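**Student:** Residue numbers (the numbering used here), protein chains in the order written: chain Z, 3 to 341; chain B, 3 to 341.
Hints may be right or wrong, so weigh each one.
Put simply, identical chains are the same to the list, so a pair is met inside one copy or across any two.
What the hints assert, rightly or not - Dumping the calculated DSS-like pairs for lysine-lysine here, alpha-carbon to alpha-carbon at most 25 Å: (1) 251 <-> 276; (2) 185 <-> 244; (3) 42 <-> 28; (4) 27 <-> 42; (5) 27 <-> 261; (6) 272 <-> 78; (7) 78 <-> 259; (8) 44 <-> 28; (9) 115 <-> 275; (10) 4 <-> 27; (11) 4 <-> 87; (12) 118 <-> 261; (13) 87 <-> 259; (14) 78 <-> 261; (15) 28 <-> 244; (16) 272 <-> 259; (17) 165 <-> 4; (18) 115 <-> 4; (19) 244 <-> 275; (20) 44 <-> 272.
Bear in mind the hints are in silico, worked out from the structure with no lab data behind them.
From a predicted model like this one, the values you see are computed outputs, not experimental measurements.
Protein chains: 2
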Amino acid sequence: MKIILDAMGGDNAPESVVKGAVRAKKELGVDIVLVGLEEKVKECLKAEGCGDIEVVNATEIITMNDDPSTATRRKKDSSMAVALKMLSNGEGDAVVSAGSTGALLTGATLTVKRIKGIRRAAMAPVLPAGEHGVMLIDCGANVECTEEYLLQFAYMGSFYAKKIMGCDNPRVGLLNVGTEPEKGGEMQHRVFELLKEAGEKGRINFIGNVEGTDVFSGRVDVVVTDGFTGNVLLKTTEGVIKYMMGALKGVFYKSTKNKLAAAVLKNDLKEMKKSMDVNEVGGTALVGISKPVIKAHGSSDERSIFAAIRQAVNFVNSGIIADITENIDHMRLKSEETL
Amino acid sequence: MKIILDAMGGDNAPESVVKGAVRAKKELGVDIVLVGLEEKVKECLKAEGCGDIEVVNATEIITMNDDPSTATRRKKDSSMAVALKMLSNGEGDAVVSAGSTGALLTGATLTVKRIKGIRRAAMAPVLPAGEHGVMLIDCGANVECTEEYLLQFAYMGSFYAKKIMGCDNPRVGLLNVGTEPEKGGEMQHRVFELLKEAGEKGRINFIGNVEGTDVFSGRVDVVVTDGFTGNVLLKTTEGVIKYMMGALKGVFYKSTKNKLAAAVLKNDLKEMKKSMDVNEVGGTALVGISKPVIKAHGSSDERSIFAAIRQAVNFVNSGIIADITENIDHMRLKSEETL
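Please construct the entire structure, taking both the sequences and the accompanying hints into account.
**Tutor:** So this is what it looks like as structure tokens:
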């Protein structure tokens, strides 16, 4: 298996990407190809004392200032565009990039293409909750969704949770403002009916509507929502965790006796903080693309690049793209097919 | 000033409501009238050793099983319907209820009526963040919103933050998936323009788009959003706080040395937990109704009923209903006015 890495993507590129790659090659035993400014990347590899990782030269870099919707087309020789092109040509099994989310999504859609029949790819992070984590699909790729998109997200999330997260019978919930079927707006009502039908036919394990409080409660494995709401949920989670960690720090530094008590708890608290870190779980899968593409966090360090590569390996091994392809007929609405 | 209390609303009614009322009468020096099953309420008052609070008999109770949209009309002699009728008739200055949110919202809209020109009332809780708290408007009253609703929410939230939360120049942000003006869907783009214009005219202090991470960051005082997204944000916040408190408890009970260290921190941690408790701030104001109506949490205890009464008193004293009425012309869209 060969994982293609966008060596120039992210705030700490190429150093962190190279470090993560070196570690992944060693610990996971996969082949890696690093795409980026050859000289720089080779310098980093040398600093790591590792000369046997393949490097493919790409002369441009997509920055946060580039327009995401045209970046990969305009900068054809950027590390991201070249990486995606290589994946599309079969010169590797998956792409991992910590670069611009929008550019990666557009580039993957245009170059690698969506799975036939899938209307939109989704950004689907796994939140660090419960035994297996909780998949949130979509979390920002599609701010406006049709009922068919959401139906497809439910199926794709279910396959992912089963094959990659290790849930036996993933509990799929529709994010809403209450658990009763009549909650929410017209869109939620229509999607509820579609998911209920898919559940009754035994294709997914639909548990009904779920609320914001349920995401971290352990009662749901896949949370289906539009990209706008999902993004707000994800970022609120990040914000609240940060806020609470700050408040906790305030308690620990309040007095000498508190400082001493906190010192005793330090390691276990660090462990707890780590267990809530989205970066530990890996990157965010672009689900619905015809080959595995993983977006690592923009601020990725070695550890998160490594986690994203491990996730890419699991994605390749999972066979979920075949699952989606085989079930595509159940995932389409007849009324929209005839359009 | 006289506050009308729905004595039968909430999980712990009438006991907690009566206790909160007795405390409020004593500490805030306001008149209270308790509406509910007279015999029961008087029994509770007797148990509290307090006989001088007015009780108005109401023979019915709205339960969680009643349909919110018809409850106050069908149960005309329910404690909630009678309380709202009294407010409408001028027999008190504000209503506080811990009963069904939907029934209270519908009842207030039909009986007390909206402020003239206001399209929809909003549920606007104050999240316990930053110096003054952060107002989230709307958080569930309107799952589907027009741009005019959101414009009105921005103005109303700004008045509330200034007069009740004590922010000098409340920073109003539009909840979105990124801070750039082009983020989000069509609705966000249109509302952004409207709020920008209101900001340029000096009517509100519009700081642009804000994300989920910003809500608890201290950079915004009023977060404007539709009721669907706001509800998800609010409940996610609750869920994450609960999850983290659980994880923290796990750390504290992990070993004997941890237990001993946690004992030292106990009081300060309790204080911290309290500072994050939505119930401490008060109830949720129904902003846009022509007289103050406060929804207390369904699981309210004495302390949260007291906080909700204190909030109602501040609401009455604030004069924000006059502020809204005086500014109503700026809060309406001409295109919709002609409809």
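**Student:** Hint by hint, say whether it matches the structure.
**Tutor:** Against the structure, the hints come out as follows:
no. : hint        : result
1   : 251 <-> 276 : both (15 Å within a copy, 16 Å between copies)
2   : 185 <-> 244 : between (31 Å within a copy, 24 Å between copies)
3   : 42 <-> 28   : within (21 Å within a copy, 73 Å between copies)
4   : 27 <-> 42   : within (19 Å within a copy, 73 Å between copies)
5   : 27 <-> 261  : neither (41 Å within a copy, 42 Å between copies)
6   : 272 <-> 78  : neither (42 Å within a copy, 56 Å between copies)
7   : 78 <-> 259  : neither (59 Å within a copy, 58 Å between copies)
8   : 44 <-> 28   : within (18 Å within a copy, 75 Å between copies)
9   : 115 <-> 275 : neither (37 Å within a copy, 48 Å between copies)
10  : 4 <-> 27    : within (10 Å within a copy, 73 Å between copies)
11  : 4 <-> 87    : within (14 Å within a copy, 72 Å between copies)
12  : 118 <-> 261 : neither (58 Å within a copy, 56 Å between copies)
13  : 87 <-> 259  : neither (59 Å within a copy, 56 Å between copies)
14  : 78 <-> 261  : neither (54 Å within a copy, 58 Å between copies)
15  : 28 <-> 244  : neither (33 Å within a copy, 39 Å between copies)
16  : 272 <-> 259 : both (20 Å within a copy, 16 Å between copies)
17  : 165 <-> 4   : within (20 Å within a copy, 61 Å between copies)
18  : 115 <-> 4   : within (19 Å within a copy, 66 Å between copies)
19  : 244 <-> 275 : both (10 Å within a copy, 15 Å between copies)
20  : 44 <-> 272  : neither (34 Å within a copy, 53 Å between copies)
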